[in-house]
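Construct the entire structure; sequences and hints are all you get.
Given next are the chains, with one letter for each unit.
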Amino acid sequence: MKPDHSYLDEAPCIYFSAKDDGIVVDVNKTTCKILGYEPEELLGQKIDLIFTVATRVFQQTHLFPLLKMQTTVAEVFISLLAKNKEQVPVLLNAERKLSNGSAINIYIGIVVNNRKKFEDELVAAKKAAEAALNENTALIQAKVELLAHAEQLDQQISVVFKQNEELRQFNRVVTHDLQEPLRKLSIFTNMLQDGKEGDKDQLVLQKIKDVSARMRSIVSGLQQYVWLTESKNNYREVQLDKLLLLVNQQLKKTFPGVDLDLKVEGVIPFQADHDQMSLLFYQLLSNSIRYRKEKIKANVWISGTTTYKNKYVNIPRRYQYTHYLKIEIKDNGAGFDPHYKDQVFELFKRLNVNSGLGIGLSLSKKVIENHNGKITIDSKEGEGTKVTIVLPLIDVENKQTGVLQHSSLNK
Amino acid sequence: MKTECKSILYVDDDPDDREFLFNAIKNINPDIEVILADNGLAALDYLKNIKNKKDLPGLIVLDLNMPLLDGRETLKRIKDDPMLSSLKIVVFTTGENPNEKQSFNELGIQYISKPFNIQFLHSIANQMIEICE
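Residue numbers (the numbering used here), protein chains in the order written: chain F, 1 to 411; chain E, 412 to 544.
Since the hints were derived computationally from the structure, they do not count as laboratory data.
Please note that the accuracy of each hint is not assured.
Claimed, not checked - Listed below are several chain E residues computed to face chain F (Cβ distance under 8 Å; list not exhaustive):
hint, residue
1, T505
2, E517
3, N528
From the three backbone atoms N, C-alpha and C, an ideal C-beta is built for every residue, glycine too.
In structure tokens, the structure reads:
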């Protein structure tokens, strides 16, 4: 059954047809309604009547030639001109039919008033997506920077803690440790001046000499400490066995007649400041000798292992694991009450009056801190002392911590 | 004048200072017993072994910087011990830290700087004996 023409008349679409000369031969009611015309105002008129200027040009240069050539054109976006001169955007399909030797061009379209809005929205969405992408890039960049800053912050926190602690200790040194010998010098010279000591003069003079010597060693210990605080690490490969040969020569001069039995194993070559490391091992080994149990012999065992540790020490819940070299220095000497294992690192802090100057472990700690490492001590009275050093393994060429040197490992 | 000060406990790691103050007190009154300890732990050991409260020293003279147990910690432990908390204490130390001096004074503890001249020791010893009485 042939469909009723009125359906096309009422169909919610633009429909019109025209001959090649542009004369409108058919138009539906919907189109008339949209454009504000009566059908008779359009039938028999030139199609240009409902085309905007731009559409006319497009029709002549593109649409019509294409239609002639291909007989069909789809999804063309044009503007129709309403009677009141308003433009109506339309998405158009066109078909060319031949019957009885004459051609008829049929146009079907839908009004796309909203298209512009959608397009605008699309453009806006695209811009937003681009912005988000940029933002994401910025975010990633920010994250990288944040990470770098966190690492810096973590180190800075350590530095601040360290400096506060140093300041406290320096304060004590200035207000007490240096005042003490000064006061003694003053008292002993008073005594000599008074001349009441008589036969004790020589004894008092000897005391003056002792106190002066002590003061000199405090000042030179402080100088060494300050030198270490200010010195920049001159990294090079340290082979511990070679370094210990030199240290042992120094120790033989300081402790003549004492035999140091030293056993070293498993310490891979590592990057560090050679002079500082020499100082460190000199101080640690001289403690082992000073507090030995046997009269002429001290035993020390040094062993090394590599460990994996979190680089962050201050900022909680942050993790970056890197390689560390752990060195243990163990002796079988007199040891001390482990209750004092933190105090022993303090400047000029001594556990008893017969101890050394009280600077050795402070200097050792400084050396390890200069290398971003950690030093701890553990001891048992009568059984011996164990010093544990943990140093980040540094690949100097890559300026990166924690990269194990494969060449070193294979040795 | 008869003194009621029977004994003074002097805690100091410095052997010279121990000798100086010991002699200075004995020169003033040889009847006063001067007990010497070279660190806080030894002093606390001595104090805790005293069974009878009347045998406790009339005064504790305390150096601040000492090995093993320093004067500050020793003081804290004395104050924390109900048996010992009411003992009279004088801080006797090198140098003078005004902040520290004030905080000791607030606790009712005299803060005496160690002298740079042996002559001053006599008056310091006198001062201590007065506090002890």
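Going down the list of hints, with the structure as the test:
Interface restraint check for T505 (chain E): the shortest CB-CB distance to chain F comes to about 5 Å, inside 8 Å, so the restraint holds. For E517 (chain E), the shortest C-beta to C-beta distance to chain F is roughly 20 Å, which exceeds 8 Å, and the interface hint is violated. Below 8 Å, beta-carbon pairs count as interface contacts, and N528 (chain E) has one with chain F at about 5 Å; its hint therefore holds.
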